[in-house]
Amino acid sequence: MDLLLLLDLVGTAAFAASGAWSGVKREMDLFGVLVLGLVTATGGGTLRDLLIGDIPPFCLQHESYLYISIAAALAVFFGHRRLNRWQQPLQFFDAIGLGTFVIIGTGKGLTYGLGPLGAVMMGVMTATAGGALRDLLSGEVPLILRKEIYASACLVGGALLVTLRHTPLSPPLAALVAALTVIAIRLLALRYDWSLPRARS
Amino acid sequence: MDLLLLLDLVGTAAFAASGAWSGVKREMDLFGVLVLGLVTATGGGTLRDLLIGDIPPFCLQHESYLYISIAAALAVFFGHRRLNRWQQPLQFFDAIGLGTFVIIGTGKGLTYGLGPLGAVMMGVMTATAGGALRDLLSGEVPLILRKEIYASACLVGGALLVTLRHTPLSPPLAALVAALTVIAIRLLALRYDWSLPRARS
Amino acid sequence: MDLLLLLDLVGTAAFAASGAWSGVKREMDLFGVLVLGLVTATGGGTLRDLLIGDIPPFCLQHESYLYISIAAALAVFFGHRRLNRWQQPLQFFDAIGLGTFVIIGTGKGLTYGLGPLGAVMMGVMTATAGGALRDLLSGEVPLILRKEIYASACLVGGALLVTLRHTPLSPPLAALVAALTVIAIRLLALRYDWSLPRARS
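Chains as they are written, first to last, in our numbering: chain D, 368 to 568; chain B, 368 to 568; chain A, 368 to 568.
Chain D with its partners taken away, still in its complex shape:
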C-alpha cells in the first residue's frame, strides 16, 4: 500500500503546517513553531504507540516523519505572509491526513490485539491527539472538545474500518472506503458548518 504511505506523509505535512500556524499566530519564536509543528503531526501516533507498546514510536523509528514535519513548520514560519492563499488547500490536505491517520491507527490497534472499541479509540487518538496537544501547548481548550464534526468523523471511520474487517472486502479496500468516508464527512462538515449537539441548561 504505497498510496497509504504517500497519504500518510501528505497528512503529516498538513498537520505540521497547522501546528506551526498556531505558533505563528501566537507570535512564538522559531523553536516554539517547530515544537508545535512536530507535536501536532506526530503527537497522536506517538501516544498510540506508547499505549499499544510499539516502542520507540513510529516517528523515532522512521525519522522521515520528523524531517517532513520540520520542513513544513519551517515553510510556514518563513512563508506565513502568503499563507492565506494556502488556507483552502491546507484544509483539504488536513482532511486527507485525518482520514489516513484514523485508518492507520485503527488498523494498528487491531494488529496489536486490541478489542474493537480500543482499536477505534486508537484511530481517533492518532488523528486528534496531536491537535489537542497543540491546543493545550497554545493555552487553549482543545478545539476537538468544543467544535465541529472533526472527531466524530474519525469515530465513524474507525468504527467502519473495524466493521468492514469482518466482511469479505480486502483490507486495503476496506481502509480506502473508511478513509474516504472520514475525508468526505470532514469536508462536508466544513462546507455546511455541521456541528454536534451540546448539553443545554
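Everything labelled a hint here was simulated from the structure, so no lab data went into it. Mixed in with the good hints, there may be bad ones.
Identical copies look the same in the list; a pair holds intra-copy or inter-copy alike.
In silico SDA-like cross-links for lysine to any residue, where the CA-CA straight-line distance does not exceed 25 Å [what the hints assert, rightly or not]: (1) K475 x F425; (2) K392 x L510; (3) K475 x S431; (4) K392 x R532; (5) K392 x L457; (6) K392 x F445; (7) K475 x H533; (8) K392 x A526.
Chain D is already provided as a structure; the job is to place chains B and A on it using the hints.
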C-alpha cells in the same frame, strides 16, 4: 477480592460522571463530554501502567472500563438537568473511587517491583491524574494542585498500604483498611472543609 | 563519570526548586508545590524513557531522584521568603542542569539506537519537557515556546554531542564539551537578554 473489582467499577463510573459533568458545564459537545469522561476515569491508571510497563494499559486489556465510562458520561450528558439531586451521592461514590484507585495503584506498583516511594506515587497518580487531565483539558489549573485534602488523603492511604504490607495483616485486609482510611479522610474533609497549608508572602 | 552523576543531582534539585517556586507563586498548597517540583525535575527524563522504552523510567528505578526533588521542593516551600537572595545561584544551577540533562538525554537516545535527529530530540526533551509540564500545570503557555534561548541552547548541545561522537574525542570529553556549550549559551543569553526571531505579520 471480587469486592475490590466492584468498588473499582463503581469508582470508574463516578470518575467518568465527574469528567462528563465538567464537559457539560463548559458546554462541550457530545464528543467532548465522552472524552472528558473517559480521560477522568481511565487517565490515572493508564499513566500508571505506561510508567510501570504493563502495556497495553488496563482499560485496553479489559474494555469494560471503557464501556462503563462511556455509559456514565452518556447518562450525565442526557440527564444533566437532574444532576443537582445526584451531587451528594456522586461525591460519596467519588470518595469510594479515590480509596479504591489508591490501593490498586500502590499495590500494582509494589507488584511491579517499585520502591516504597514510587509505589505510593503510583497510587496517588492512579487516583488523581485523571482528574488533573480533566482540568487541563477544560482549560483550568488542576484542582488537586490548589484545593482540599483530596490528594493528601491518597498519599496517606498509599503510605499506609506500603506500611501494612510489612505487618502480619493479610493483604486484602491491609487494602481494605487503607482504602477506608482514604475514603474517611476525603468525606471528613468535604464535611468540615479541611485544607492544607499554603505558602504565604 | 561520577562528575556527571553529581551534576545530574545538582540539576535535579535546581529544576525541582524552580517547579516548587512556580507553585508557591501561585499560592498552591503543599501538595501542589511537591507535585510541581517533582514534575519539573523528573518529567523530561520520564517522557524520554517512555519513548525510548527504558521502563520503569529512571526516577522509579533510582528513587534518589525523587527524594532530592522532594527535599528541594520542601526547602522552597518553607524557605521561600529568603528565596530572592537565592535567585542568581538558582539560575546558575539551573543552567548546569540544562547542560547535563541535554547530554544525558542525547547520549541515552544514541545508546537506545535512535537516529541523530531523534537522539537530539531526546536530549532537548529531557532538559525542557519538565519545565513545559510545570507551565501547563500552572495554567500558562510553556515558557520555552515563547521566550529566550533556553531550548535552542539544548538543540545546539545535543547536535554538538551527536557530531562529536563521530570524532576521535573520548565520549566523556565530548559530553563535557557539549554540556559546557549549553551552559555557556544559557548563561550568556540570560546576561545579554538574547532571543530567537519571531514570525511577524
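Hint check results:
no.: 1; hint: K475 x F425; result: both (11 Å within a copy, 18 Å between copies)
no.: 2; hint: K392 x L510; result: both (16 Å within a copy, 16 Å between copies)
no.: 3; hint: K475 x S431; result: both (19 Å within a copy, 21 Å between copies)
no.: 4; hint: K392 x R532; result: neither (42 Å within a copy, 38 Å between copies)
no.: 5; hint: K392 x L457; result: within (16 Å within a copy, 33 Å between copies)
no.: 6; hint: K392 x F445; result: within (13 Å within a copy, 37 Å between copies)
no.: 7; hint: K475 x H533; result: within (16 Å within a copy, 36 Å between copies)
no.: 8; hint: K392 x A526; result: neither (35 Å within a copy, 28 Å between copies)
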